[in-house]
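No gaps in the numbering here: position 180 of the sequence shown is 180 in this note's numbering, and each next residue is one more.
Keep in mind the hints are simulated off the structure, nothing from the lab.
Fair warning: this is a prediction, and the values are worked out from it, not measured in the lab.
There's no promise every hint is true.
[Unchecked claim] Pairwise CB distance ranges (calculated):
#	residue 1	residue 2	range
1	275	83	50 to 58 angstroms
2	114	147	43 to 51 angstroms
3	264	62	27 to 35 angstroms
4	117	271	22 to 30 angstroms
5	264	33	20 to 28 angstroms
6	4	119	25 to 33 angstroms
7	159	279	38 to 46 angstroms
Note that the Cβ used here is the ideal one computed from N, Cα and C, for glycine as well.
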Amino acid sequence: MSLFQLIIIAVVQGITEWLPISSSGHVLLAANLFTLEGRDELLINAVSNLGTLAAMLIYFRRDVVAATLGGFELLAAPVRKSPLSRGGHLALCIIVATPIALVAAIAHEVFVPDSIQASLRSVWTVAAATIGFGLLLWWADVAGGKSRKEADMTLGHAIMIGATQAIAALIPGTSRSGITMTAARALGYERTEAARFSMLIGAPILAAAGLYGALGLIDADTTGSILTPQDGMIVAAFAFISGIASIHALMTLLKRMTFLPFVIYRLILGAGLILAAPVLGLI
Numbered sequence: 001m002s003l004f005q006l007i008i009i010a011v012v013q014g015i016t017e018w019l020p021i022s023s024s025g026h027v028l029l030a031a032n033l034f035t036l037e038g039r040d041e042l043l044i045n046a047v048s049n050l051g052t053l054a055a056m057l058i059y060f061r062r063d064v065v066a067a068t069l070g071g072f073e074l075l076a077a078p079v080r081k082s083p084l085s086r087g088g089h090l091a092l093c094i095i096v097a098t099p100i101a102l103v104a105a106i107a108h109e110v111f112v113p114d115s116i117q118a119s120l121r122s123v124w125t126v127a128a129a130t131i132g133f134g135l136l137l138w139w140a141d142v143a144g145g146k147s148r149k150e151a152d153m154t155l156g157h158a159i160m161i162g163a164t165q166a167i168a169a170l171i172p173g174t175s176r177s178g179i180t181m182t183a184a185r186a187l188g189y190e191r192t193e194a195a196r197f198s199m200l201i202g203a204p205i206l207a208a209a210g211l212y213g214a215l216g217l218i219d220a221d222t223t224g225s226i227l228t229p230q231d232g233m234i235v236a237a238f239a240f241i242s243g244i245a246s247i248h249a250l251m252t253l254l255k256r257m258t259f260l261p262f263v264i265y266r267l268i269l270g271a272g273l274i275l276a277a278p279v280l281g282l283i
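Use the sequences and the hints to build the structure in full.
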């Protein structure tokens, strides 16, 4: 695989990871166009997660620092009598939002046969999920009141939002960020609040995926992977650059408009995949 192709996939991953349009679906399509084998595609995707994770941690560094300090606060909670600080509350919400999706992702990797995983990564699955969950995002964005902020988040809401990540772990084209933003909007949270919390609770999942990718690179020589450690560093770097630009663009846009442009994009992309798949040989 050429360096140019690796950079294209890394940039695609970085741009789409935090947008509600499915990074795994876009990377899958790019991998299909480059005739990339399944394991290498997943490995490149995982390594890219290191770059997009770093982009999020830097962009939301104040929230990350607050949540980190809040984590230490939680350790002292049994001897505390005062309410949790904002950082402690945020840390607790992130913690309870993670387990269900993490277990689902591990179970999918360990217990789901490769043949079923391959069928789930088909263009038809990506197209159906792109359209279906795009329409669900549109519904959640326009229905009901939407004035809640992070301070209003209950542990029940955090668990429900985080649990939806399990769907994205199983079905390419769902969009992890998209489904969590959909859940947050359906529960009444402001657009920017929904997007920010979606990205923060994605950190543990991306860290786990990045670790998987790093371990895969270490074993690259013995497993016959086309991706070398040097390639992995390039992929992560380009994913970081494009990722931080994508986050800034998303947060800026959501202050001024709805999620409708992303919904329209998903509908066009899904329909285009259905029409173009036979022509491009993606089936």
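Distance restraint evaluation - residue 264, residue 62, Cβ atoms, bounds 27 to 35 angstroms: holds (32 angstroms)
Range hint compliance [Cβ, residue 4 to residue 119, 25 to 33 angstroms]: Taking Cβ atoms as reference, residue 4 and residue 119 lie about 30 angstroms apart, which means the hint holds.
With 20 to 28 angstroms as the target window, see if residue 264 and residue 33 comply at their CB atoms. This hint holds: roughly 23 angstroms between Cβ atoms.
Cβ-Cβ distance between residue 114 and residue 147: within 43 to 51 angstroms? For residue 147 against residue 114, whose Cβ atoms are near 46 angstroms apart, the range 43 to 51 angstroms holds.
Check the following: the C-beta atoms of residue 117 and residue 271 are separated by a distance inside 22 to 30 angstroms. Given range 22 to 30 angstroms: holds, Cβ gap about 25 angstroms.
Range hint compliance [Cβ, residue 159 to residue 279, 38 to 46 angstroms]: holds (44 angstroms)
Given the range 50 to 58 angstroms, decide if the beta-carbon distance of residue 275 to residue 83 lies inside it. holds (55 angstroms)
Hint compliance for this structure: no hint is broken.
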